[in-house]
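**Student:** Next come the chains, spelled out residue by residue.
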Amino acid sequence: MKKRGKGFAVGFYPIGLSGGGDPSQAIIKMKPDGTADLTIGSVDIGQGCRTVLAQIAAEELGIGYEQVNVHNTDTDTGPFCMGSFASRVTYIAGNAVINAAKEVKEVLLKSVCANLNASPEELEVARGIIRVKADPDRCISIPDAVGKATFADGVPVVGRGASMKPPSGGDPETGACEPCYTMSYAAVYAEVDVDTETGVVDVLKLICVYDAGRVINPALAEGQAEGGAAMGLGAALMENRIPDYPKMTYSPESFYEYMIPTAMDVPPLEIGFIEIPSDGGPYGARAIGEMSANAQAPAIVNAIHDAVGIWMTSMPATPEKVLRALREKDAA
Amino acid sequence: MPVLELKVNGNDCQVLVEHTTSLLEVLREKLMILSPKMGCNTGDCGACSVILDGMLVHSCITPAMVASGKEVITLEGISASGELHPLQKAFQDNHATQCGFCTPGMIMAAKALLDENPKPTEPQIKKALSGNLCRCTGYKKIVESVMAASADNPASGS
Amino acid sequence: MALEVVGKRALKYDGMSHITGQSRYVDDILIPGTLTVKAFRSPVHKGRMKSIDTSKAENMPGVAGVITYRDVPHNAYGMEPDQPVLVEKDIRYKGEPIAAVAAINEKVAYAALDRIVVDIEEEEPVFDPLKAMEPDAPKVRPEGNVYMFGSEPFKKVYIGDIDEGFRKADHIIEETYFYPDMEHSALETQVSLAVPEAMGKLTIYTVSQARNFHLGMLAGILKLGGDALQCECINEWSGKTRSSWRGKTGMNRVRLEGYAVGGGFGGKNELHADHITALLALKTARPCKWRWTREEELLYSTHRGPWYVTIKDGVMNDGRIIARYVKSIHDGGAYIGFNAYAAGKFSYFVNGPYYVPNLRCEGYCVFTNKPVASTMRGFAVAPGTFAVEVQMHKIAEKLGMDPWELRFKNAILKGDQLVTRQVMKDPSLVETMQALAKRAGVTLPDHLMRMTSESNQRI
Amino acid sequence: MTNSDFFAARDIHEACTRLSQSGKEAHILAGGTDLMVAINRRRLFPHKLIYIGQSGMDAIEVKDGHLVIGAAATHTAVIQSKAVKDHAGLLVDACCSIGSKAIRNIGTIGGNICNASPAADAATALLALGAEVKLVSAHGERAIALKDFFTGPGETVLQPDELLKEIILPLTKGDSRWGWLKVGQRKADVIGIATAAVSLRLEHGTCRDVRIALGAVAPTPLFAAKASAMLEGRTADESLISEVAQAAADETSPIDDARGSAWYRKQICGVLVKRILTAATK
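Protein chains in written order, with the numbering used here: chain G, 1 to 332; chain V, 1 to 158; chain E, 1 to 459; chain R, 1 to 282.
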């Protein structure tokens, strides 16, 4: 009948196109009321890159999140971004935004330093003001500073930023190269029930822990992790575009044939982050998008083994494949 | 061509349709009500979910003529007063949207549930939403949002 | 300075528009006069198109335009441009676009497809990558069914000496794993709306995840900037001199505009519809919209190609993995797409998060008569993660060792090299596993809980 | 509505008359959950639709010692009906596992039968409940046992001018027991790889009126006559249940398809029968 098993698996995932050479760029301009327009080329596919990049811009500029508009509408206005793939946007576009904000701050500090009787290096930007680090009472509000730069100095308060890992082609003999900035880490724990007569695997619980470095927005990071867990579950148990592989006999033609998990299929999920800063990511961020969907399948397969002693080396572990493996084990 | 008369989000509408036209096509292409989405056109994903005379339906496989004389509510119609529906607010506060494509149908499915059962349990919510696929969220924050909306609004209705 | 905004649960930028149904996706953009596009796709898995006659479709009332390969200025695209926009002669997968029509509505568009006459000589397809690798297999492509990485039929990466490692090892553990073909299943299918603008420019409303990438490809296909396109240049990833993936001029003639995107997961990293709607918009001088059906999406869009991963590990009695050989076979479908890149990415990270001093990976990328494989969440690493992580449990079972202990023993630590010789500066597997164990209620022995990635003290 | 393409029948008589006039050009439309999928996928181009959703054919009532369910009753109506709950609990369980809430709200029990899918959940349960169906045309009515209704995948004895009017079930009596089990590729909104429905009555420990039906394991929903007879009038024990389950599996003739192989279906349908019988005869 039903047998319980526990398993776990880990994994890591690189940030950015493997081999580098994938730039992201950002432009920030300030309006005279101290609000900002952040223009990027990165596409928001639902993961929330506009949210995260607006948070980074706001943090750097010392203004509120709601004060940042994000524009990523089209390729004429937006600066270059290689794309929203390879778990790269938070890290690479995030650094581009930081660099753009730095340039904005340079313009502003240069404009107001005389008013504050200090050199630009002696100033800092925080909570809507520019102030002298050593004497925080000597300060000017960001709207006033942008106003001065715009209307008194007549300079545009604009910053540009880019971030890119230079291409790393690799040694033709050994393949040695530096393919990525750094890695994110995943560890997933699964508990399953295996029905020994039908082969049905019931995943009871998934606990997923990630080191995504500094988490820029915990709610969005959880969302990625939860969606990744569901996709990993689908990969482990049901999803297959070519069920009769390698024959193309039964290619699914609708969502009634290609199964993805429903709300009923996703077990209770527990998501945790440890935040070990990365070397070079914005505020120590790593990535979360893709690595969140990888370790569930092996964790579930290892749990199935713990339950009934079979190795499901071929995914997905459909009821039929599990039952066949159980029968083979019994026969052996 | 048959004439279809129906009420959508409180407005009386008259449209010419073919006998095989789906309700989704009428909503999107004739009435320009765009929150119901076409995700599969086979009734499997739920992105087109609307409420027809109090019943949740997949508008893509509901023949438009079947809605004759009936009332359709779409996501646009649940905050007509200008205030967010408790479910909308809960979806926002609980970060339940990612790409947003399933969201209109998901909220309508949740509304149909709460209209019938103002205090559903978590398994009841999951069952009620199981015809609405979401590839982004893993459903957790969606289910939490429905729980939150039902807790805040004991007599949740439109 | 304490962080003020970063680290906060800021509400999603587009959350309010999602929950009120106001988010506009490409299919929600309604422009009067827009034509509906449908594609005539290959009915066979493999074949040779001897002739195509679209005149009956063109002459139908309500049909504004029909395109075939003759209408494509540069009929090749991709990372190493090898994929035709529309089939000229060789059909390499079932569903491959052969022609496309733009008509006043869907009904007319479908009726027009029924009037396109093609003469196809069907040929024997090959679906199994293992069969495709055999010398007498039907050829998916004239140059052979195995992608050549320079002079070798696989992507090779190695460090140390695996033969030496296997000699010293106390145990050899070998297994082959299979990772299936998956569909991204974003709820929004491929949609494209191309709108001719003044001065011969074009705006394309796109679901692309990578607009600038696709802008370059489209500039190459459409040749709107003149002829000086598709120069030979160093391919950034393969390091080989080949045609570039991007056109060299004309990027100011096309504007890719994106609205809300209904999910990607890697399924919108390849051109699916934008090139064809663009060609039809240019031909008809009217807005053209193409929304793929779910059936098209499942059968003919890009997908995660299946992988066979064979791992042979040389392991010591104390659990140290001292040698690993990995052979992967990636079923890439009919074209190169991102497949060669994928073989590289797979091999770079085939260590898993473990230190293995002697490692060699040979990554094959095989052509079969299937739609081209492409990127999908966890791209090229997910199959390796699956194989390596089940392998780790198998090793633990064989040694009678706790699988946690085995992973801590081999964990990548600060300063360790991967097979690429890239030095890990900030690894955190140890800490991630410790956190998981705590959450899962697994009590690990003190010596494991005391470990740190930073100290590089192997147990 | 008098439009010739779309005819909304106000009663069954109108529906029959229109059907006999239109012949093969017309399709009966009830909920449309199967028909519209076929239309949207361009597998079917019906010239005319005769809509029976407003024809009063959706009543569910106890009449003359029988439970009578109108063919146009939706699955949701069946699930919510007290009469069905009281007299055919098995049907409630089966209808709950059909599609999603939105499908059940509009899909009808008559549609589930007439579509004649081998995997039809309601049809399988109705076989186990000993259902009769009443077919009607402009020329008259006839009643046949549901097990004689199906002739193949998507094929039935319905004549071109006939439509399914209602489903007639015997009222349960005494200590009635039933069970419904389904194995699918996921937990909800799924077509069964195999399903099993069993109904019986315990009379002092003896099994009476045993009916075992299986879905998705034959060209039609399958009434396992031999297995049912094997248990009739006997006291169930573990070994008898195993024999009956095996007999049920032996009656199947499954095929390979995207959801599973014939081998797998044979393996599990017996398991499902065994589990239901074990629980039901306790």
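Some hints here could point you the wrong way.
Here are the simulated lysine-lysine pairs, DSSO-like style, with alpha carbons at most 27 Å apart [said to hold, decoys possible]:
no. : chain 1 : residue 1 : chain 2 : residue 2
1   : G       : Lys29     : E       : Lys394
2   : E       : Lys223    : E       : Lys139
3   : G       : Lys321    : R       : Lys82
4   : R       : Lys82     : R       : Lys226
5   : G       : Lys6      : E       : Lys394
6   : R       : Lys48     : V       : Lys30
7   : G       : Lys3      : R       : Lys173
Derived by calculation from the structure, the hints in this document are not laboratory data.
**Student:** For every hint, state whether the structure bears it out.
**Tutor:** Now the hints, each set against the structure:
At most 27 Å may separate the alpha-carbon atoms for a hinted pair to count; G/Lys29 and E/Lys394 exceed this at roughly 56 Å. Between E/Lys223 and E/Lys139 the alpha-carbon distance is near 31 Å, which puts this suggested pair outside the 27 Å criterion. At most 27 Å may separate the alpha-carbon atoms for a hinted pair to count; G/Lys321 and R/Lys82 exceed this at roughly 41 Å. Between R/Lys82 and R/Lys226 the alpha-carbon distance is near 32 Å, which puts this suggested pair outside the 27 Å criterion.
Annotation: proposed proximity of G/Lys6 to E/Lys394 holds, straight-line Cα distance about 15 Å (limit 27 Å). Pair hint R/Lys48 plus V/Lys30 holds up; C-alpha atoms about 22 Å apart against a cutoff of 27 Å. For the proposed pair G/Lys3 and R/Lys173, the alpha carbon gap of about 38 Å is over 27 Å, so the pair is violated.
In this structure, the hints that do not hold are numbers 1, 2, 3, 4, 7, in rising order.
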